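J.: Chain by chain, the residues:
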Amino acid sequence: MNFLEIFTDALRNLSTNKLRSGLTMLGVIIGVAAVIAMSSIVEGGKKMTVEMIEKMGTNLLSVRPKKLNDEELRKFTGRSRGLRYGDAEQVKAMVSYAQEVTPAINVSSQLRYGDHDYSGMVEGVLASYQEVRNYDVDRGRFLSDEDNVGFKKVVVLGKDIVKELFTKSDPLGESIKIGDQRFTVIGILKEKGSLHGINYDETILVPATTAIKYFKGNDVIDSFYVKVAERSQMKRAEEMIRSILLQRHDGVEDFTVRSQDELVRNTELIIFTFRVILGGTAALSLLVGGIGIMNIMLVTVTERTGEIGLRKAVGASRRAILTQFLIESVAISLIGALIGVLLGGALGLGFGWLASRAITGWHAVILPSAIFLGFFFAMAVGITFGLYPAYKASNLDPAEALRYQ
Amino acid sequence: MLIQLNKVSKIYQMGELSLRALDEISFTIDSGEFLSIVGPSGSGKTTLLDILGCLSRPTSGAYLLKGEETQSLADPDLAKVRNRKIGFVFQTFHLLGRQTALANVTLPLFYAGVPQEERISRATEALAKVGLSDRMHHRPNQLSGGQQQRVAIARALVNRPDIILADEPTGNLDSKSGHEIVELLQQLHRDGHTIIMVTHDRELADAAERTLILKDGRIVDDVKR
Chain E
202 MNFLEIFTDA LRNLSTNKLR SGLTMLGVII GVAAVIAMSS IVEGGKKMTV
252 EMIEKMGTNL LSVRPKKLND EELRKFTGRS RGLRYGDAEQ VKAMVSYAQE
302 VTPAINVSSQ LRYGDHDYSG MVEGVLASYQ EVRNYDVDRG RFLSDEDNVG
352 FKKVVVLGKD IVKELFTKSD PLGESIKIGD QRFTVIGILK EKGSLHGINY
402 DETILVPATT AIKYFKGNDV IDSFYVKVAE RSQMKRAEEM IRSILLQRHD
452 GVEDFTVRSQ DELVRNTELI IFTFRVILGG TAALSLLVGG IGIMNIMLVT
502 VTERTGEIGL RKAVGASRRA ILTQFLIESV AISLIGALIG VLLGGALGLG
552 FGWLASRAIT GWHAVILPSA IFLGFFFAMA VGITFGLYPA YKASNLDPAE
602 ALRYQ
Chain D
20 MLIQLNKVSK IYQMGELSLR ALDEISFTID SGEFLSIVGP SGSGKTTLLD
70 ILGCLSRPTS GAYLLKGEET QSLADPDLAK VRNRKIGFVF QTFHLLGRQT
120 ALANVTLPLF YAGVPQEERI SRATEALAKV GLSDRMHHRP NQLSGGQQQR
170 VAIARALVNR PDIILADEPT GNLDSKSGHE IVELLQQLHR DGHTIIMVTH
220 DRELADAAER TLILKDGRIV DDVKR
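Residue numbers (our numbering), protein chains in the order written: chain E, 202 to 606; chain D, 20 to 244.
Pulled out of the complex, with its shape left as it was, chain E reads as follows:
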């Protein structure tokens, strides 16, 4: 039995009533399109988020001061003194899992170059900040230990700051004003993008000691970051840091310790939820599509009772009739899958294109596995729901079928 011929015949039979065939396919089309489009969007989001998180640095714990609410303020009156430089040093000394500990001092400042100016957050950091926070220098160099030791007035800028202040000229080696101090630009950072609302290309980095000397005047720090040697040690490191700080802070929990890991896990949870919803929708759609196919095929079999009788009379076996009608069902679902793939692909890519305009780092992704799954399930639906009508057709009594009115 030549399948190609039967398939071509099936297509011919379907095209006699294009409207009906089209409507029958709708369930499958929607189901498959949904799978393709949604998986594309979910994968795009996941890819972007994971990339960003990795760009920001893995195995990272960030310690920040926490504002106390009214109740806590009353309870711990006067005892909260904020995060101190000494906290970071102590953590570095006592937590063995900590590969590197680097503080950051934030100062809000006005930058000026010629007649361009920019108001932003200046961070005073150590040389170790580069490694811990995964910054790459595009041109020039990062801050060094010597810069810190010498209280040097040097600054490293992010791409967006350079765009703001230096339109056309080369910033390297130039002198800009931060507050009322003159700083020399020694480095420009590579593009990093945004994550969770923070634009990392607006970074301004000066030596920590310089910041303390010229802008801060005390040893209060705004955050410190701990790079843990191994992923598995993150939880223990977090616990240790918490207890050290609690002790140093007189029992007042005026700080937070957050891990990158948590971010990744949150993202994974969101992705998983989306996948479940996606899977559920697709399954439902395909189920409905399948029932539609079975329905229409039952009607078709009844309509073509005479034809079935005739085919049996000229020598079609039960198996031949079953095969013929089963293939017609499969043809419906395969064509539906094809249209669904094209539609879903277009939607997914379209959305991806729009998203990449709005959010940096978003790529449009089409998963080949989603396409494969779409076709596979569409075929499965065609066979499963086409089986009963085909079986009914094959079992028709030839004599009765021929005389059916």
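Just so you know, not all the hints are guaranteed correct.
[Claimed, not checked] Stretch by stretch, here's where chain E covers chain D in the computed footprint (C-beta under 8 Å, at least three residues):
hint, region
1, 41 to 55
2, 124 to 133
[Stated by the list, open to error] List of simulated lysine-lysine pairs, DSS-like, C-alpha gap at most 30 Å:
hint, chain 1, residue 1, chain 2, residue 2
3, E, K417, E, K276
4, E, K247, E, K378
5, E, K436, E, K247
6, E, K391, E, K247
7, D, K99, E, K593
8, D, K104, E, K593
Derived by calculation from the structure, the hints in this document are not laboratory data. Keep in mind the model is a prediction, meaning the values are calculated, not measured. Even glycine gets a Cβ: it sits at the ideal position worked out from N, Cα and C.
Add chain D to chain E, keeping to what the hints say.
T.: Just chain D, lined up with the frame of chain E:
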């Protein structure tokens, strides 16, 4: 002896009621005969044709076609018998409306597993035999009733069957076309085909050389001319 029926009965069970459509019918048909079967409605002639055409199984008795017992054959084998040994012509033609005359005639060959090219050449030959070479690519709705029936006859012939079974072949035709079809059947008979025709029309029945008269599921007369 091409066909042998031994005490063939067909009983339809409808709840408590049983209908004896055929009551222990026995007769034989030789190769090359032109036989007509007549009788009033309910005489069982249609049922008899169904059994001869292997469209229906006897409730009891034996139907031997070319010496082979058919009543116990499984479906695939029965389908083969219908395909190779029997050619049908129906009152309502039963052509596939969406396909050309040529494609319609190739249908039995498709189920016989004949390759595409050979199918087309044999179908062309069959259509020539019934005088429709110039209408091969027409669809049924572009053909007259008589022409459609001729396509059906070509289809019945294409797989070189042992018997041609015709069920009221002129029933849906005007008298002119009807005569043409009868003449065609007589021509085929002269060419050596075995033809069995069921009809309620006595005039048509007389065109055959032998007539079986049925009543209430039994043969009441066997007329040879």
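J.: Tell me, which hint numbers fail for this structure?
T.: Failing hints, ascending: 1, 4.
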